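K.L.:
Take these sequences, add in the hints, and give me the full structure.
Chains as they are written, first to last, in our numbering: chain A, 665 to 871; chain B, 437 to 904.
Calculated directly from the structure, the hints in this document are not laboratory data.
Treat the hints loosely; a few may be bogus.
Capping the alpha-carbon separation at 16 Å, the derived lysine to aspartate or glutamate pairs in EDC-like fashion look like this [what the hints assert, rightly or not]:
no., chain 1, residue 1, chain 2, residue 2
1, A, K867, A, E855
2, B, K599, B, D449
3, A, K695, B, E514
4, B, K599, A, E855
Model, not experiment: these values are computed from the prediction.
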Amino acid sequence: MEKFTTLTAIAAPLPLANVDTDKIIPARFLKTIRRSGLGVHLFDTLRYDEHGAERPDFVLNRAPYRRAQILIAHENFGCGSSREHAPWALLDFGIRAVIAPDFADIFYNNCFKNGILPIRLPREVCDALMEDVSPGDNARLTIDLARQVVVRPNGEEVAFEIDPFRKHLLQNGLDDIGQTMAHAGAIDAFEQNRAAAQPWLPKIALT
Amino acid sequence: MSGPRTLFDKIWDAHVVEQLPDGTCLLYIDRHLVHEVTSPQAFEGLRATGRRVRRPEATIAVADHNIPTSDRRRGIAEPESRLQVETLEQNVAAFGVPYFPVLDERQGIVHIIGPEQGISLPGMTIVCGDSHTSTHGALGALAFGIGTSEVEHVLATQTLLQKRAKNMRIEVAGRAPAGTSAKDIILAIIGEIGTAGGTGHVIEFTGEAIRALDMAGRMTVCNMAIEAGARAGLIAPDETTFDWIKGRPYAPQGADFTAAVSYWRSLAADPGATYDKTVRLDAAAIAPMVSWGTSPERVAPITGAVPDPAAEPDPAKRAEMQRMLTYMGLQPGQKLAEIPVDVVFIGSCTNGRIEDIRAAAAIARGRHVAAGVRALVVPGSGLVKKQAEAEGLDRVLVEAGFEWREPGCSMCLGMNPDQLTPGQRAASTSNRNFEGRQGPGGRTHLVSPAMAAAAAIAGRLADAREFM
Ligand code: SF4
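P.N.:
What follows is the structure, encoded as structure tokens:
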């Protein structure tokens with residue numbers, strides 16, 4: 665997983681609430697057995713018409729947002745299914761951070777597993793940031809994870825909250841399976857205690 | 437934790453392996469359900485790091501999302517779908533994971549077969565790379581959906597790193613009126629609290645109307661807890677639960693079952709346990725519901741009309757409603773019971789159980805699907821299909837003009853050939869009416885099985901009570 669430290673990049677405004685995972689990546693593109701290659705289908709129905717041609721008014725089809733690495737949206741971003749294809753599609757397109765008033769739980773979790781930083785900021789702040797990045801070529805924001813701030817084009821800093829453990833993993837690009845493996849002894853002990861306390865707990869063995 | 441605890445608190449506390457300094461918990465997972473769409477990259481990750489599956493005997497795999505629901509002895513025609521199923525088969529063989537093959541009668545939608553086989557039990561932690569894992573909460577298990585990285589994490593460690601969710605209680609007081617079902621109750625709840633109403637919470641459903649539901653109905657309610665934004669849905673296990681579990685193939689048997697029941701009885705919330713949020717609904721006020729928009733919170737009673745965005749004061753919400761009506765091809769003020777439908781889909785992990793098929797067949801019996809309407813019934817598992825056929829329900833439905841299919845997710849998400857075409861309108865017993873969910877440009881109205889069958893007969897959205 666790629667580390668996340670600081671990012672200065674073009675930010676694309678997507679002023680929609682309840683952007684569900686079917687909008688981010690429709691189910692018909694989930695038939696892959698790989699993680700990469702989904703970027704072309706990101707926001708497929710918003711981005712392309714029924715003949716597959718780009719919709720010129722969709723933000724990611726406009727310069728400079730084609731090169732956006734930050735996305736700003738409204739409430740409940742990523743609601744719907746658990747598909748990790750949603751963050752994979754964002755990442756494959758180049759998005760490293762999403763800013764919104766709030767996120768659906770599973771999507772929020774999935775972002776961290778893929779080196780994407782989801783940032784919760786109040787609706788008014790999201791609207792102000794969208795305003796900041798609407799002029800086009802200057803549409804850049806800086807995100808400094810160590811200091812937990814988003815820097816606006818006028819230099820003003822907006823602070824955000826993030827869980828310290830997740831921050832640590834993201835800053836260092838750490839895989840959390842490796843972290844958990846370090847607790848293997850505790851997991852063994854837990855399993856032994858469970859087996860003793862609840863001997864009736866069945867095992868799945870195929871017949 | 438000390439003091440009175442909720443059902444969620446008790447299950448959580450019983451599964452904490454370790455608590456990290458910042459409050460994140462290493463949570464032990466009792467059951468892991470695996471399917472073809474969200475697992476290939478997880479197994480690939482295990483291979484790349486040389487890790488094994490820690491507890492294959494706590495894991496069960498099945499293919500459900502993109503398998504065909506017509507005759508499948510000839511295999512899967514669509515090459516990408518075939519590759520996903522073949523990849524799953526190679527992975528379960530290589531890692532020693534129990535698997536119900538596509539032609540096995542126990543095959544079916546992952547959330548139907550877990551409870552059906554007694555694999556999902558009260559008090560357990562259950563995960564699956566699928567958001568509707570909340571279904572299993574109906575048994576009194578803490579069950580939630582995870583992403584593929586977490587699937588890999590559970591395969592490798594049998595644990596997950598989790599932050600404790602908050603407690604929310606939704607009490608549905610009184611009795612639901614005749615002609616309404618569990619689906620109407622949960623749609624009414626989501627209409628009330630919204631699709632983000634449960635975010636960050638585990639919802640425990642309580643109250644007389646919930647207690648009165650059979651297990652199928654309870655699963656329908658918990659299934660859609662995720663549509664209310666919740667991490668999971670829960671219903672405390674009771675006699676209805678224990679009777680239903682008894683004798684299922686993978687449930688404890690004999691003396692083990694008795695021991696298990698006495699533990700399960702201890703799971704109910706302690707008197708005085710507190711919830712971070714409580715919502716109360718009056719069951720008597722619930723009518724058969726139908727969704728009119730492209731979010732499950734956009735629902736109304738079938739006796740109502742399409743709302744007028746002009747009456748919405750919040751400009752962002754007004755614009756959203758306007759966009760929904762355009763997508764759905766509806767006019768403000770249009771009577772819901774006058775909206776014609778092209779397709780009817782009865783199935784999914786929300787409503788693909790035997791009780792759902794009985795409800796649909798009861799409406800279909802002696803009637804016929806309206807001209808021009810395509811109506812599909814897709815049982816949730818091979819065993820549901822077998823049971824329905826033993827009861828003669830397949831014949832009732834086929835004689836009424838419904839298609840009787842093989843089990844799977846089917847048109848719930850349209851990954852297999854069962855899809856809506858652009859502009860087609862469906863009455864569907866599934867759980868999501870997002871744009872394009874059932875096929876690009878398709879328009880979905882979420883309803884109960886009885887309402888779906890009534891729509892098929894009437895050729896329009898219809899009040900199922902008029903057909904009972
Ligand atoms: S039936 Fe639908 S909601 Fe349920 S698991 Fe399948 S695709 Fe998901």
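K.L.:
For every hint, state whether the structure bears it out.
P.N.:
Results for each hint:
1. A/K867 x A/E855: The given pair, whose Cα atoms are some 13 Å apart, holds under the 16 Å limit.
2. B/K599 x B/D449: 12 Å, holds
3. A/K695 x B/E514: 10 Å, holds
4. B/K599 x A/E855: 21 Å, violated
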